[in-house]
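Novice: Using the sequences plus the hints, can you model the full thing?
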Amino acid sequence: MTQTKRPREPFAPWDRRALPGLFDVEETAKRVGHYKWVEIKLFEALGGWVATVPELDVKMRLGTHCYHHAWHADLFDKRLPELREMKTDRLTVPANDHMVAFIDAMTEPEGPEMTIEKLVGVYRVLIPHKIAAYTYHRNATSEITDMPTVRILDFILQDEFNDWREGEMLIQSMIESDEEIDRAMVHQTRLEKLMLAAGGIAGPGSIGDPYVDLPEEN
Amino acid sequence: MRKIFPAEELARDARFIRQTNEQRLGDPRGARVAGGNTNERLAKLTPELANGPDRARALMHGIFVGEIQALEGAGRTCWDFEVGEDVPLALKLDMARQCWDEARHCEISVSLAEHMGTELGEFAENGLLYEAACNPDPVLRLTGVNRALEGLAIDVFNTMKEFGNLAGDPVLEFCEDWMLADEVTHVKMGSDWLRRLTENDKERLDKALEFQKVVDRLFSFNGFRGEDDDSPIQLTRRFRELAGFSDDEIDEIADMSREARVEAAS
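Chains Z and E, in that order, give the protein sequences. Numbered by numbering that gives the first Met the number 0, the letters in the first sequence go through residues 0 to 217 in order. Numbered by numbering that gives the first Met the number 0, the letters in the second sequence go through residues 0 to 265 in order.
Among the hints, erroneous ones may be present.
[Stated by the list, open to error] Below, a list of computed lysine to any residue pairs in the SDA-like style, where the Cα atoms sit at most 20 Å apart:
no. : chain 1 : residue 1 : chain 2 : residue 2
1   : Z       : Lys-77    : E       : Arg-96
2   : E       : Lys-2     : Z       : Asp-153
3   : Z       : Lys-86    : E       : Pro-87
[As the list claims (entries may be wrong)] Not everything, but these chain E residues come out facing chain Z in the computed CB check (under 10 Å):
no. : residue
4   : Lys-2
5   : Arg-14
6   : Phe-15
7   : Ile-16
8   : Arg-17
9   : Thr-19
10  : Arg-75
11  : Thr-76
12  : Asp-79
13  : Asp-100
14  : Glu-106
15  : Leu-165
16  : Pro-169
No lab work stands behind these hints, which were simulated from the structure alone. By construction, the Cβ of each residue, glycine as well, lies at the ideal position given by its N, Cα and C atoms.
Specialist: Structure follows, in structure tokens:
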């Protein structure tokens, strides 16, 4: 017979979640606002590109992925009022001007012969940076106080990994010559430099700072 | 990437052949598919018709290219308008959802076309559907695309579902029923957004409904869609009601089709 009065710990032995997290409510809202801005820009671009790519499989994948990122934007939008930001548009902003420059450069390719550039911008630059920032946030925030954000990020990361894999495979299937490798690399390098200047999708500190400050020598 | 992408530049691979309606009329395959005389051309699409199977294959190919253009149109609505300035974010989220649905419809219809023995590019494509998705006013665009064209899709899918049933093709019937469910959702999106965005703007509402009529008329040639038992494509009253159409609006489309049919027969 179960002993109903026998005391148990509030956290099971295998539950190692910790109370403290790196972000307070304000910082979390700020980051979520930046994430939402990026997701909006991404789903808009993927939707716009559908008409411009002649490759049938790419066309259909872009249409599918367009919705994934729109859904992410919606999830972040719904989280903002829970973080005391009732006017969600106020925080739906780019992290800085460099991030705007990045999105402008990423969405620049239009011609039907530029599918490689379109895919490289999204799947070799932006999505890997999103995965990095979301993973950092997911691991650094409190898994108790900020669990709603963690849960959102877990759903979103699942999509991001799947979409990244599909996008990367499309790129690999489209690159058939040295010249195309060069094209992909040139575009990637250009965009990576812009992303470096932005400091990541949420600005400097998007994935934390791994360096240790040493005391100044006399 | 530009705002408003012209229909002439829609990106396609070498298998796709773009024709104007005039060119399509001169295409010798047209007569074979449509039927040799007026009775055949205006007969209800059934497997028993002499040209029934060919007509169904041509229609499925038409559905496929229509789905591509619907996907492209919904995608462009995500890109062409600014959140806040032009449209609410929620409208664009709906369009992104429609992109996913249309992408799945492309996958379904290209698979069904193959299932029915059709090769991609066997029939020509025209850009009329996408052209309706180029309207610079988002309300007019949504009304033309989501209420007129997606409304037509409801009628077409229901007809194809019945064709699958009559032909003893459960795959066709099953898939068309699923696509039909999505289309009712898309038409409802159009009805809802039309109501919300023109709540205090009667002039814009009238313009949007007028644009819808223009698109409906454009796709009613020969009155091939109607409520008569022998109409090639059946106007589906029940699903249109679910999608937010009033009885008067459905009556108007039925009348428009009837007039076009009388005109074609004479």
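Novice: It remains to establish, for every hint, whether it holds in the given structure.
Specialist: Against the structure, the hints:
no. : hint                : verdict
1   : Lys-77/Z / Arg-96/E : holds (17 Å)
2   : Lys-2/E / Asp-153/Z : violated (34 Å)
3   : Lys-86/Z / Pro-87/E : holds (14 Å)
4   : Lys-2               : holds (9 Å)
5   : Arg-14              : holds (9 Å)
6   : Phe-15              : holds (9 Å)
7   : Ile-16              : violated (14 Å)
8   : Arg-17              : violated (13 Å)
9   : Thr-19              : violated (19 Å)
10  : Arg-75              : holds (6 Å)
11  : Thr-76              : holds (7 Å)
12  : Asp-79              : holds (7 Å)
13  : Asp-100             : holds (8 Å)
14  : Glu-106             : holds (6 Å)
15  : Leu-165             : violated (30 Å)
16  : Pro-169             : violated (25 Å)
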